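Each chain, letter by letter, is given below.
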Amino acid sequence: MFLESGFTVFESGQSTGARLVLDLLADEGVETIFGYPGGAIMPLYDALLEHPLQHVLTRHEAAAAFAAGGYARSTGRVGVCVATSGPGATNLITGLLDAQMDSIPLVAITGQVRTSVMGTDAFQEADITSIAGPVTKRSVCVRDAASLERTLRAAFRLARGPRPGPVLVDIPTDILKAAVAALGPRPHSPHAAPARPDDAALDAALALLHGARKPVAIAGGGVRSAGATALYRELCARFALPHVATINALGCATPGDPNFLGMLGMHGWKAANLAVAEADVLLAFGMRFDDRVTGRPDRFARNARIVHADIDAAEIGKIVATEVALAGDLRETLALLLQRSEATRGTRAFGGWAAEARAYGSALPVDRAPAGALSATAVCDALFAMLPPDAIVATDVGQHQMWAAQRQRASDPRHFLTSAGLGTMGFGLPAAIGAQFAHPGRTVVAIAGDGGFQMSLSELATLRRYELPVKIVLIDNRRLGMVRQWQDLFYDKRYSATDLSDNPDFVALAAAFGVRAECVAEPAQMGAALARLLAAREPMLLHCACYPAENCWPLIPPGASAHEALGPEALEREAAVA
Amino acid sequence: MTLDFTLHDWRVMERVVGLIGRLGCAYTRLDVRAAHDRYHASLDLVGAPDALRRLNAQLTRLCNDDKEMSR
Ligand SMILES: Cc1ncc(C[n+]2csc(CCOP(=O)(O)OP(=O)(O)O)c2C)c(N)n1
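Residue numbers (our numbering), protein chains in the order written: chain W, -1 to 576; chain V, 408 to 478.
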């Protein structure tokens, strides 16, 4: 028989490129990888047969990248995805950009055509390192077997930080087959130490805080990445600071902390947005002033003097003018702020202002559902009230994502997984799969809209194959809801390509994949249906047949300020006039 | 504005050129020279002040990542 694998028989102390890759992954602490095979990557898949590393076959490479992202988001460890050359590799691109936007540590390994034919438009050849360049921290092709180990080690180091992100390593098939020296010991070469904010800047930040009347702290995804949640909570508590979170930092606040005013941004809580609008000092930790948070930057927090702490100096001053820059690791920055506030100035509490800010409003406005109709917000309310405290929730993208973000009660920022910066539909279910592999004993829920769910529904097969008890809450409003809402509000109700009223029968569809499913359409039956879902020990889908017209409130229209947030009354007024 | 920087992997120039276009800037001179295992680049750039400032900051990030990757 002709063996295509054709590996060189190697002596002790030798390995193959493919085996070296797998050994190195294990040595870097990776336990599970997500991928999809194909020609150029076959040597790696062949070596997997004798390797303890767990490989999860998704049904699309995009799902492998999202699953690796879910794994990384829920653990803080590097997620790994694997694909073949050409179409396999290009299918990873959205997942890489998703990780890049939210600073998620990921290593993608792609097969490449053999070095001798690279550049000839060989079968399934793609210049993936160039294609992936702008969507990764770095993407490199290994051109000689001798540099394979060093390149992969560097990829892990770079993916981890200081600011985490995705790295792609492209490996030609002949290098995967080549004889190489067996994996050496893990070199002790931590990432070059990040900058530490200087004392003068730390004191300037504290001086601003002490002189403030209405300071507000903002947590961004950097607090999660840095593992600085406890220190952030301590700082907020010490000063009784009102504080808010970007969508990537939900879970950073101590559960039940009355001074936490909620999510900031376009669909953020009223109190959060108004407090920031009124603030005279903003302490921004590990956030990048995304336009979904600031609206028009020149109208954002007009009265505030801004202290911006971030590991990435390129973020400081990028969007808003910063008075005090604290470039450095957030854990260190927060620890130093705490230390210095104790040693030099004592603390000043802002409890009075926090109470004033709370009074800006805590109720989430919702549309009135037609009689007997199931509303998506009611489903979200009930779900979050029933979830165990350590449950992990992954969302897809759209209205349901915002309803979930507004209502989630995560006690840790690694419990709420969402595609924030890129807003990638199709992310939710595969991300939940990644998280469930990382946390086999925990309740993992994917909340998806009917649109986004249909972008990854083939992953129901992955749930079935691995018997993963992921719970899917499918919010089916028979519309591409978020786009429909914008057409409603900003495009004169001209509904273009947002009607999904011919959706498939989702329960039958799940059944075809061997996944248990139920449909709920009656508000009165929703609680019991959710209870059955959460009690299921196997994968299960709950199809929530919601009414189509529900909008997500509040909404700060693009270009408007926090004071101009819209609520249901905007449309009611319009209807009354009509 | 003139930018001078050192790269370990000349392919990072592709990213730099991409960024320049993305930020609505342009280069009027681009010079890259190999010296041992490094590449010294020098660029003359035109663009809006804000864009050039962002470009400069992001270039520093690219160079740091390049250095890290080549260790
Ligand atoms: C891959 C991708 N394509 C398109 C969009 C634009 N988009 C944002 S939200 C949305 C509608 C989502 O509809 P659905 O999944 O049904 O969720 P809903 O908004 O109804 O909760 C669309 C099309 C996107 N974010 N991602």
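Among the hints, erroneous ones may be present.
What the hints assert, rightly or not - Rough simulated footprint, nothing fancy, chain V against chain W, three-plus residues with beta-carbon under 8 Å:
(1) 124 to 136
(2) 536 to 548
What the hints assert, rightly or not - Listing some non-contacts, in silico: residues in chain W with all C-beta distances to chain V over 12 Å:
(3) Arg148
(4) Ala202
(5) Ile317
To be verified - Partial list, computed: chain W residues near chain V (C-beta under 8 Å):
(6) Ala144
(7) Arg184
(8) Ser187
(9) Asp310
(10) Ala312
Hint data in this document are derived by calculation from the structure and do not stem from the laboratory.
Quick caveat, the model's predicted, so the values are computed rather than measured.
Just so it is clear, CB atoms sit at the ideal spot from N, CA and C, and this is done for glycine as well.
Does the structure break any of the earlier hints, and which numbers would those be? Those not satisfied are hints 2, 3, 5, 6, 7.
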